[in-house]
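There are 2 protein chains.
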Amino acid sequence: MGGNLEPAIGEWRQCLGQGYVCTDETTLNHYARSTQPRGTRPAAVLRPQTRDEVCTVVRIASRHCIPIYPVSRGKNWGYGDACAVTDGQVILDLSRMNRIWEVNEALAYAVIEPGVTQQQLHDYLAAHGHRLWLDVTGAGPDASVIGNTLERGFGHTPYGDHYQCSAGYEVVLADGRTLTTGFGHYGNAEASYIYKAGLGPSLDGLFSQSNLGVVTKMGVWLLPKPERLLGFFFSIPEDDGLPEVIERLRELRLAGVVQSTVHIANDLRVLSARQSYPWALTQGATPLNPAVRLQLRKNAGLGAWNALGAFYGSREMVSAGRRALKRSLAGMVTLKTVNERRLRIAEAILPWLNRLGIGGRIADQLRAVRPVFELLRGTPSSEHLAGAGWRSRNERNSKSFDPLDNGWGIYWLSPVLPMTGTAARALLGIVEPIFQRFAFEPLITMTSITARALCCVLTVAYDRENPAESAAAQECYDRLFDAVMEVGFIPYRVGIQSMAGISTSNADVFWDVVGTLKDALDPAAILAPGRYNPRRFPQSP
Amino acid sequence: MGGNLEPAIGEWRQCLGQGYVCTDETTLNHYARSTQPRGTRPAAVLRPQTRDEVCTVVRIASRHCIPIYPVSRGKNWGYGDACAVTDGQVILDLSRMNRIWEVNEALAYAVIEPGVTQQQLHDYLAAHGHRLWLDVTGAGPDASVIGNTLERGFGHTPYGDHYQCSAGYEVVLADGRTLTTGFGHYGNAEASYIYKAGLGPSLDGLFSQSNLGVVTKMGVWLLPKPERLLGFFFSIPEDDGLPEVIERLRELRLAGVVQSTVHIANDLRVLSARQSYPWALTQGATPLNPAVRLQLRKNAGLGAWNALGAFYGSREMVSAGRRALKRSLAGMVTLKTVNERRLRIAEAILPWLNRLGIGGRIADQLRAVRPVFELLRGTPSSEHLAGAGWRSRNERNSKSFDPLDNGWGIYWLSPVLPMTGTAARALLGIVEPIFQRFAFEPLITMTSITARALCCVLTVAYDRENPAESAAAQECYDRLFDAVMEVGFIPYRVGIQSMAGISTSNADVFWDVVGTLKDALDPAAILAPGRYNPRRFPQSP
Chain X
1 MGGNLEPAIG
11 EWRQCLGQGY
21 VCTDETTLNH
31 YARSTQPRGT
41 RPAAVLRPQT
51 RDEVCTVVRI
61 ASRHCIPIYP
71 VSRGKNWGYG
81 DACAVTDGQV
91 ILDLSRMNRI
101 WEVNEALAYA
111 VIEPGVTQQQ
121 LHDYLAAHGH
131 RLWLDVTGAG
141 PDASVIGNTL
151 ERGFGHTPYG
161 DHYQCSAGYE
171 VVLADGRTLT
181 TGFGHYGNAE
191 ASYIYKAGLG
201 PSLDGLFSQS
211 NLGVVTKMGV
221 WLLPKPERLL
231 GFFFSIPEDD
241 GLPEVIERLR
251 ELRLAGVVQS
261 TVHIANDLRV
271 LSARQSYPWA
281 LTQGATPLNP
291 AVRLQLRKNA
301 GLGAWNALGA
311 FYGSREMVSA
321 GRRALKRSLA
331 GMVTLKTVNE
341 RRLRIAEAIL
351 PWLNRLGIGG
361 RIADQLRAVR
371 PVFELLRGTP
381 SSEHLAGAGW
391 RSRNERNSKS
401 FDPLDNGWGI
411 YWLSPVLPMT
421 GTAARALLGI
431 VEPIFQRFAF
441 EPLITMTSIT
451 ARALCCVLTV
461 AYDRENPAES
471 AAAQECYDRL
481 FDAVMEVGFI
491 PYRVGIQSMA
501 GISTSNADVF
511 WDVVGTLKDA
521 LDPAAILAPG
531 RYNPRRFPQS
541 P
Chain S
1 MGGNLEPAIG
11 EWRQCLGQGY
21 VCTDETTLNH
31 YARSTQPRGT
41 RPAAVLRPQT
51 RDEVCTVVRI
61 ASRHCIPIYP
71 VSRGKNWGYG
81 DACAVTDGQV
91 ILDLSRMNRI
101 WEVNEALAYA
111 VIEPGVTQQQ
121 LHDYLAAHGH
131 RLWLDVTGAG
141 PDASVIGNTL
151 ERGFGHTPYG
161 DHYQCSAGYE
171 VVLADGRTLT
181 TGFGHYGNAE
191 ASYIYKAGLG
201 PSLDGLFSQS
211 NLGVVTKMGV
221 WLLPKPERLL
231 GFFFSIPEDD
241 GLPEVIERLR
251 ELRLAGVVQS
261 TVHIANDLRV
271 LSARQSYPWA
281 LTQGATPLNP
291 AVRLQLRKNA
301 GLGAWNALGA
311 FYGSREMVSA
321 GRRALKRSLA
331 GMVTLKTVNE
341 RRLRIAEAIL
351 PWLNRLGIGG
361 RIADQLRAVR
371 PVFELLRGTP
381 SSEHLAGAGW
391 RSRNERNSKS
401 FDPLDNGWGI
411 YWLSPVLPMT
421 GTAARALLGI
431 VEPIFQRFAF
441 EPLITMTSIT
451 ARALCCVLTV
461 AYDRENPAES
471 AAAQECYDRL
481 FDAVMEVGFI
491 PYRVGIQSMA
501 GISTSNADVF
511 WDVVGTLKDA
521 LDPAAILAPG
531 RYNPRRFPQS
541 P
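One line per chain: the protein sequences are X and S, in this order.
Just so you know, this note's numbering puts 135 at position 135 of the first sequence, and the rest follows in order with no gaps.
Just so you know, this note's numbering puts 496 at position 496 of the second sequence, and the rest follows in order with no gaps.
To be clear, the hints were calculated from the coordinates, so they are not data collected in a lab.
Do not take every clue at face value.
In silico contact screen, one side only, chain S against chain X (beta carbon under 7 Å); selected entries [unchecked claim]: (1) Gln14; (2) Leu107; (3) Arg152; (4) Tyr186; (5) Asn188; (6) Ala189; (7) Ala197; (8) Leu199; (9) Gly200; (10) Pro201; (11) Ser210; (12) Glu316; (13) Gly488; (14) Ile490.
Here are the simulated DMTMM-like pairs of lysine to aspartate or glutamate, each with C-alpha atoms no more than 25 Å apart in a straight line [to be verified]: (15) S/Lys225 - X/Glu316; (16) S/Lys225 - X/Glu244; (17) S/Lys336 - S/Asp482; (18) X/Lys326 - S/Glu105; (19) X/Lys399 - X/Asp364.
It should be emphasised that the depicted structure is a prediction, and the values quoted were computed from it without experimental measurement.
Heads up, the beta-carbon is just placed ideally off N, CA and C, and yes, glycines get one too.
If we strip away everything but chain X, and leave its shape as in the complex, we get:
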């Protein structure tokens, strides 16, 4: 892999300017940072600002046979961060491409570049008085909207399935040509950003989770601000109760009663967003013993599992939804709901309760509700990301929850299950003992990303400053990965560490074909070698 870097660097500098082609140690070290024990180290970092620059950059790379690895903002936490699959690739950092080309109020979409962050789009919509919300993930304010969409990430609203809510990709190919998916390649098309499939083969899918092109523009659908937003949450006291709740939720999702994604997190996953591992309480011992876990759960007013979702719509719809959900879960859980008005009142009363000395636990709970409620209406928050610092022994710095700035160690693994209680129970039966074997706490969420599919996110949080724990985390992740593949709960995405492992058979035509497509579109294997393309995995140099 790889040709002669020096002449390419010279040409890139001519194209982008000196300042946007970095090969200095500081920059390379910065990009090599990872939430995994070891990141990969790039050969250089390029920071183009326009699509045309990307075209030129790619042509230069092709000519010199230098692999380049596009990242939108490099916030792919727990899945490889800003690192290429292998050492020595040139990072194509698209963060300067952060134009918002269009926001269409009537048709409720935005056209953006890969450098646009969740916070940026949120602020833009607010500043321009748009009555439109974006669907945000828990990946924090600085994460790229396009980056997440291309990895097929998910959020919290009825637009929670990001890939399905995007259309009209502009893609730079390995030879520097620009392709537009959907109708957009017809220069005058009126429906470029509102109808995903276009005419003829639908090619969006080729450029999601792939190394076949560099997406430089995309339409993303926005949620018109509803008449009412009603957040709901409830706790499932014990593990036993989870399967039946999942059955009920599936029925409500299938019936269109609940149109948003529903996130169900175990006690530890919720706790991890609020606090670090209780080092003092446990006198430094890991893993958490069950009695302490129960105590923490109780103190925080949590159940074994804790669900969050929302109703969006007219007053009547929201109220009909709430009643149906309540009926369905009656006798199993206590449904709590929150809207902006009630939340504001509670927040206003809080200082008074505090003065009377009775606000303590309620105040904690209330502080936890606000960022979660904000997520439901498209305000990014970094609170969820804080869970990545669970096993860190350093003081939690409330100013930044950036896992790389904090040196936090996490692996994320995200198997997809059919949305049944049986599948959920089976998964837990498989993964919890593995966490236990390696002395990690199982931090787990299960999200109903569609009515039929439940996506689990398993977090292996570890202390990166502890080499033994880091090694154990890697081993734990590997065993979890093998185990979910073995039973057919395939992840919806994987980190760079698993890119070689996603082909579990030499006779899998699917991956053969993905390799053939790579040969056809990028014969010199310039773009992101190894990414979601196990048959064309780069040889070690």
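Put chain S on the given structure of chain X with help from the hints.
The following block gives chain S in isolation, referenced to the frame of chain X:
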């Protein structure tokens, strides 16, 4: 194009048996039938029953360089019927592959083969007591579910966008290998049919509207029978009222109030499903003059435009939806609703009204409502198809509405617009004069296939037995096609007559790439040459 047919025929006969490899004149003539003035004529017809047979058939075709053209049931009315894009291809008729492999009640999906018809799946669900509905199109009971899905057709329920509601394709490639999309290529995957994208590039789109593979199995999502179904319909008295109604409907669709597709048909399109052109009344003259049109519209109790949709859900949800829709359209139209109970009562009363001599017009309207209501809950009907016989001078045979059996002439053209009143008005302003110029009646529907996209279906109905009228119809279609392409209202699918015309520029990278993908996956161009692949359009022999 094409190698030596005879040896291939021999090998196919060995594989499929004599009876399933047809080269006799009768069969070839049968398959050459078309709703267009001239169909294409196949060199042979193959009728495999299993996936393995398809693999062998394809391998034989590849070896002998014989183009084969898959059709599911051959009911692609108005878009080419069972005909290949060019003469001399071998039709691969998949209608014998009609197994229903699985119906999953809890997760609400079916796994079927391409020969499964709408009626067959409907009857199967009923016979096995499943509380699941399929979403049906107006293409009639004998149309293939998979065929329509691969062409990205649409129906009537919240699952109206068929392609988006399918997952896990089994695809035979040109070299006879079998690929499975989504998670299904992992042999043990648990979420093969419930999560569309899978891991890595999502390849479903490659095999919809394409000639890159033969889809032999697919998961299709079914709608759990809702607590309530409430059909709604209303008339817009004059053309002027249409744009504002479209604006309101978009808002309701975006707000999740209306979750089903909504079909809006002009007076003529509705009339055409109920009766032929009024030859007697007009003394044989065409086109219909405006006064007669108004009279017919009035007699049938229709508006200039006539909308149909439905609410699905709990009693409360349905009722909240009905109120919101009524409020939104207040002062513009009168909303009428229908459910099973009310429809039955009306049908029971009808004979009595008839006896009293006051049932005539109401009876007509009621007869029109039933099949439409049935469509809303997944019962296929051929009533809509009858519109294809609008210009036929033969007596309408109520036993069969098969356009080919009846020798009816139609072209369908289906541009996609942003769902705005402005776009709808613009389209009508462009296409209506073209219909008029060629002396055809504009039969038009506009369907909100998603919250943002309006798909228009323009029908050019003509008398196939009249050569001059046939020629005019072809010219009319061509001008309509040019006109919608010119203004950027690109069709969501096209018929075989437009496959060469979908590339409007020699500099369109999209079609270049589709050609490259073809070369990579089917280098000998065996599969359906010319279909959605203008850069690899077969040369005339």
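- Would you settle whether the hint for S/Gln14 is holds or violated, based on the nearest Cβ-Cβ distance to chain X being less than 7 Å? Given a least distance of 25 Å, the restraint on S/Gln14 is violated.
Hey, S/Lys225 versus X/Glu244, does the alpha-carbon distance stay inside 25 Å?
Between S/Lys225 and X/Glu244 the Cα gap is close to 21 Å, so the pair holds against 25 Å.
field: Straight-line alpha-carbon gap S/Lys225 to X/Glu316, limit 25 Å
entry: The hint holds at about 22 Å.
Quiz prompt | chain X contact restraint on S/Ile490 - CB to CB distance below 7 Å | solution = The hint holds - S/Ile490 has a Cβ within 7 Å of chain X, the shortest such distance being about 5 Å.
*Using Cβ atoms only, decide whether S/Ala197 comes closer than 7 Å to chain X, and label the hint accordingly.*
Because about 6 Å separates S/Ala197 from the closest Cβ in chain X, which is inside the 7 Å limit, the hint holds.
Requested in this report: Could you check if S/Asn188 really has its C-beta closer than 7 Å to a C-beta on chain X?
Outcome: holds, 4 Å
message: Quick check on S/Arg152 please, does its C-beta sit within 7 Å of some C-beta on chain X?
response: holds, 6 Å
For the pair we were handed, X/Lys399 and X/Asp364, check the Cα-Cα distance against 25 Å. holds, 18 Å
- So, S/Tyr186 near chain X? Judge it on the closest CB pair being under 7 Å. The hint holds - S/Tyr186 has a Cβ within 7 Å of chain X, the shortest such distance being about 5 Å.
Margin query: Would the hint on S/Glu316 be counted as holding, given a Cβ-Cβ threshold of 7 Å to chain X?
Written below: With Cβ-Cβ at 4 Å, under 7 Å, it holds.
Proposed interface contact between S/Leu107 and chain X, which counts if any beta carbon pair is under 7 Å: holds, 5 Å
Is the hint on S/Ser210 kept, meaning its closest Cβ partner in chain X is under 7 Å away? holds, 4 Å
This entry does not satisfy hints 1 and 17, going by the numbered hints stated previously.
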